[in-house]
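Asker: For reference, the chains in residue letters:
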Amino acid sequence: MQISQETLLRSYRAMRTIRVFEERLHREFATGEIPGFVHLYCGEEASAVGVCANLTEQDTIASTHRGHGHCIAKGVDVGGMMAEIYGRKSGVCRGKGGSMHIADLSKGMLGANGIVGGGPPLICGAALSHKVLKDNGVAVAFYGDGASNEGTTLESLNLATVWQLPAVFVVEDNGYGEATGASYACAGNQKDRAAGFGMPYMECNGSDFFAVHDAARDAIDHARSGKGPVMLHVHLERWYGHFEGDSMSYRASNEVADAKKNRDCLESFRKRVEQDKLLELSALDEIDAAVADEVESAVQAAKQAPWPEEADLLADVYVKI
Amino acid sequence: MSKKSFRQAINEALRQEMRRDPTVVLMGEDVAGGQGGSSGVKDAWGGVLGVTKGLLTEFGESRVLDTPISEASYIGAAAGAAATGLRPVAELMFVDFVGCCLDQIMNQAAKFRYMFGGKARTPLVIRAMYGAGFNAAAQHSQALYPLFTHIPGLKVVVPSSPYEAKGLLIEAIRDDDPVIFLENKVMYDDEEEVPDEAYTIPFGEANLTREGNDVTIVAIGRMVGMANEAADRLAKQGISCTVLDPRTTFPLDEQTILECVEDTGRLVIVDESSPRCNMACDISALVAEQAFGALKAPIRRVVPPHTPVPFSTPLEKLYMPNADKIELRSNPS
Ligand SMILES: Cc1ncc(C[n+]2csc(CCOP(=O)(O)OP(=O)(O)O)c2C)c(N)n1
Ligand SMILES: [Mg+2]
Numbered sequence: 000m001q002i003s004q005e006t007l008l009r010s011y012r013a014m015r016t017i018r019v020f021e022e023r024l025h026r027e028f029a030t031g032e033i034p035g036f037v038h039l040y041c042g043e044e045a046s047a048v049g050v051c052a053n054l055t056e057q058d059t060i061a062s063t064h065r066g067h068g069h070c071i072a073k074g075v076d077v078g079g080m081m082a083e084i085y086g087r088k089s090g091v092c093r094g095k096g097g098s099m100h101i102a103d104l105s106k107g108m109l110g111a112n113g114i115v116g117g118g119p120p121l122i123c124g125a126a127l128s129h130k131v132l133k134d135n136g137v138a139v140a141f142y143g144d145g146a147s148n149e150g151t152t153l154e155s156l157n158l159a160t161v162w163q164l165p166a167v168f169v170v171e172d173n174g175y176g177e178a179t180g181a182s183y184a185c186a187g188n189q190k191d192r193a194a195g196f197g198m199p200y201m202e203c204n205g206s207d208f209f210a211v212h213d214a215a216r217d218a219i220d221h222a223r224s225g226k227g228p229v230m231l232h233v234h235l236e237r238w239y240g241h242f243e244g245d246s247m248s249y250r251a252s253n254e255v256a257d258a259k260k261n262r263d264c265l266e267s268f269r270k271r272v273e274q275d276k277l278l279e280l281s282a283l284d285e286i287d288a289a290v291a292d293e294v295e296s297a298v299q300a301a302k303q304a305p306w307p308e309e310a311d312l313l314a315d316v317y318v319k320i
Numbered sequence: 000m001s002k003k004s005f006r007q008a009i010n011e012a013l014r015q016e017m018r019r020d021p022t023v024v025l026m027g028e029d030v031a032g033g034q035g036g037s038s039g040v041k042d043a044w045g046g047v048l049g050v051t052k053g054l055l056t057e058f059g060e061s062r063v064l065d066t067p068i069s070e071a072s073y074i075g076a077a078a079g080a081a082a083t084g085l086r087p088v089a090e091l092m093f094v095d096f097v098g099c100c101l102d103q104i105m106n107q108a109a110k111f112r113y114m115f116g117g118k119a120r121t122p123l124v125i126r127a128m129y130g131a132g133f134n135a136a137a138q139h140s141q142a143l144y145p146l147f148t149h150i151p152g153l154k155v156v157v158p159s160s161p162y163e164a165k166g167l168l169i170e171a172i173r174d175d176d177p178v179i180f181l182e183n184k185v186m187y188d189d190e191e192e193v194p195d196e197a198y199t200i201p202f203g204e205a206n207l208t209r210e211g212n213d214v215t216i217v218a219i220g221r222m223v224g225m226a227n228e229a230a231d232r233l234a235k236q237g238i239s240c241t242v243l244d245p246r247t248t249f250p251l252d253e254q255t256i257l258e259c260v261e262d263t264g265r266l267v268i269v270d271e272s273s274p275r276c277n278m279a280c281d282i283s284a285l286v287a288e289q290a291f292g293a294l295k296a297p298i299r300r301v302v303p304p305h306t307p308v309p310f311s312t313p314l315e316k317l318y319m320p321n322a323d324k325i326e327l328r329s330n331p332s
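Read top to bottom, the protein sequences are chains A and B. Take the first sequence: its position 144, counted from the start at 1, is 143 in numbering that gives the first Met the number 0, and no numbers get skipped. Take the second sequence: its position 98, counted from the start at 1, is 97 in numbering that gives the first Met the number 0, and no numbers get skipped.
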């Protein structure tokens with residue numbers, strides 16, 4: 000099925016926004032101005048965007064510690080995200096959460112997560128809500144190859160199947176959990192794990208937006224039509240350290256350079272739309288310029304935004320005491 | 000004797016005990032790092048903040064085990080191995096991750112000996128980082144020692160300096176009960192003189208970092224340094240403080256706490272864990288019950304508010320106890 004021009008433009012913009020946002024954070028982090036832990040999603044953009052292109056605002060996603068890309072792909076405000084990462088009151092979480100906890104339930108974004116394997120159980124719950132409320136929604140858990148070894152994840156695969164939930168489990172397999180390779184840490188393979196739970200399995204090349212988009216469409220259609228959960232295994236590579244400050248001595252020196260040169264999802268997108276005459280490249284150039292401006296103003300605004308105040312410390316622990 | 004960081008002191012304690020006792024094994028996520036990596040570099044991290052660096056090289060993969068991200072299984076494995084002949088030191092990285100494996104600690108390791116009628120020994124150490132001050136936000140900043148202290152069967156250690164860390168960790172490894180050993184992540188670069196040879200510091204014996212006449216300040220872990228700073232300032236105002244570091248929250252040196260309160264008549268407790276049911280409450284109850292007559296003034300607690308740890312720098316500063324707050328609360332006037 001042909002992807003509409005509108006979807007293509009929106010998706011390219013989201014991927015470019017993630018790239019520019021993350022690369023800017025990489026530079027800003029080096030100045031020491033950004034507090035806390037920051038995990039960058041560069042190189043993996045096509046996964047979040049290819050999946051979320053098939054979702055509506057009422058569908059739900061849960062993300063990970065590497066969450067900026069999922070947030071942007073699900074439509075969370077870029078200015079509010081940047082302000083959050085700088086710890087400002089204008090942040091999407093009012094400076095309470097920071098990079099690892101960006102969430103916006105109004106956008107169906109159930110949160111980045113500081114706990115590996117925190118998302119899949121929550122997504123069973125979100126899928127249950129969609130099912131019971133009959134709103135036709137789907138819930139999608141993004142989680143890493145490392146997180147695929149958490150008991151919470153494996154239990155969720157089982158629960159979602161037992162309850163026949165409209166859930167999609169997206170394993171973002173970048174080959175590493177921190178400094179440990181998936182080839183060491185993951186016994187068996189994701190495909191057999193899905194099979195073990197009687198769950199349909201799909202896989203795709205995560206540096207190709209079109210591949211992710213089409214696989215995700217099938218997975219999400221399956222879940223939405225009431226046939227139960229699906230696992231979507233996305234193969235991808237991360238371009239920066241596990242977190243900012245990681246020298247990546249565990250990776251071969253050419254690994255990232257090779258990925259950047261040969262498996263850049265933005266480059267392959269541009270080639271594909273040019274080849275198949277799907278879009279004018281000039282439209283993409285315009286997007287690039289607009290995104291550069293958007294991220295620049297997000298950073299400037301964040302740096303100038305007011306800090307939270309003393310009263311904010313005690314606010315919002317409970318709805319009501 | 001030489002100057003060593005908190006990080007080096009812990010590394011040295013682990014190294015010396017692993018040399019001494021071949022049943023001591025290390026496990027955790029990236030305690031070495033690099034397994035399955037494309038560069039082939041081994042010991043790529045040596046722990047997320049480099050605390051276990053170099054141990055793989057000396058002791059090999061059979062004794063320094065990188066784990067999948069599966070806390071419930073490897074913490075439980077450490078408990079099971081402890082009950083069957085090994086002396087494992089399992090690293091949980093951030094203590095907040097105990098949410099993923101509490102059953103294996105609370106319902107398994109802690110209870111073996113009692114449930115099995117005294118027929119089990121579980122010489123297990125679980126190391127983990129705790130504490131706020133790093134902008135690590137709500138899921139990476141908690142000070143959960145009261146949670147463990149609440150569970151019968153566990154011993155809980157919160158070292159306040161590099162010297163303390165080395166002696167207490169060696170004691171923890173040699174101890175035959177399950178021990179939770181909590182390291183404040185902000186303190187890894189703190190330095191002081193630490194003996195080169197192995198030594199132990201017994202559990203349940205408080206350390207008085209200074210002795211005075213007017214106020215007793217009980218402080219835990221990183222709070223000890225802040226309490227000493229506050230006591231320095233108070234000394235200049237003519238107020239002399241005892242600063243008491245309990246070292247272990249279980250066993251707790253009740254005797255020394257009570258004696259100090261008898262001597263000074265005033266008690267301030269500094270505890271960076273959430274304020275409800277924390278050590279400050281526990282120690283307050285002890286003193287109210289057993290030294291009420293000695294108190295010249297109400298007990299005061301310097302604790303954070305009952306909120307998760309906020310991310311933003313100014314909020315986190317407001318949240319944390321510090322020397323200013325301790326000074327203010329410890330001044331009798
Ligand atoms: C329960 C828990 N254990 C460990 C960690 C520390 N940690 C943070 S990210 C990470 C690696 C996760 O790997 P993966 O799921 O593959 O995601 P990636 O970082 O590759 O995106 C680890 C071990 C954590 N945050 N939570
Ligand atoms: Mg990974």
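Derived by calculation from the structure, the hints in this document are not laboratory data. Here the structure is a predicted model, which means the values were calculated and not measured. Heads up, a few of these hints could be off.
Calculated cross-link-like contacts (lysine to any residue; reagent style SDA-like; alpha-carbon spacing at most 25 Å) [as the list claims (entries may be wrong)]:
1) B:Lys316 to A:Ala186
2) B:Lys316 to A:Phe242
3) B:Lys41 to A:Lys302
4) A:Lys302 to B:Ala137
5) B:Lys52 to A:Asp245
6) B:Lys316 to A:Glu309
7) B:Lys52 to A:Gly244
8) A:Lys302 to B:Ala290
9) B:Lys110 to B:Ala71
From the derived model, a few chain A residues whose C-beta atoms are all more than 12 Å from chain B [to be verified]:
10) Gly74
11) Arg87
12) Asp103
Idealized CB from N, CA, C, for every residue including glycine.
Asker: Now look at each hint and say whether the structure bears it out.
Answerer: Status of each hint after checking the structure:
{"no.": "1", "hint": "B:Lys316 to A:Ala186", "verdict": "violated (43 Å)"}
{"no.": "2", "hint": "B:Lys316 to A:Phe242", "verdict": "holds (24 Å)"}
{"no.": "3", "hint": "B:Lys41 to A:Lys302", "verdict": "violated (40 Å)"}
{"no.": "4", "hint": "A:Lys302 to B:Ala137", "verdict": "holds (23 Å)"}
{"no.": "5", "hint": "B:Lys52 to A:Asp245", "verdict": "holds (15 Å)"}
{"no.": "6", "hint": "B:Lys316 to A:Glu309", "verdict": "holds (10 Å)"}
{"no.": "7", "hint": "B:Lys52 to A:Gly244", "verdict": "holds (17 Å)"}
{"no.": "8", "hint": "A:Lys302 to B:Ala290", "verdict": "violated (53 Å)"}
{"no.": "9", "hint": "B:Lys110 to B:Ala71", "verdict": "holds (17 Å)"}
{"no.": "10", "hint": "Gly74", "verdict": "holds (22 Å)"}
{"no.": "11", "hint": "Arg87", "verdict": "violated (7 Å)"}
{"no.": "12", "hint": "Asp103", "verdict": "holds (16 Å)"}
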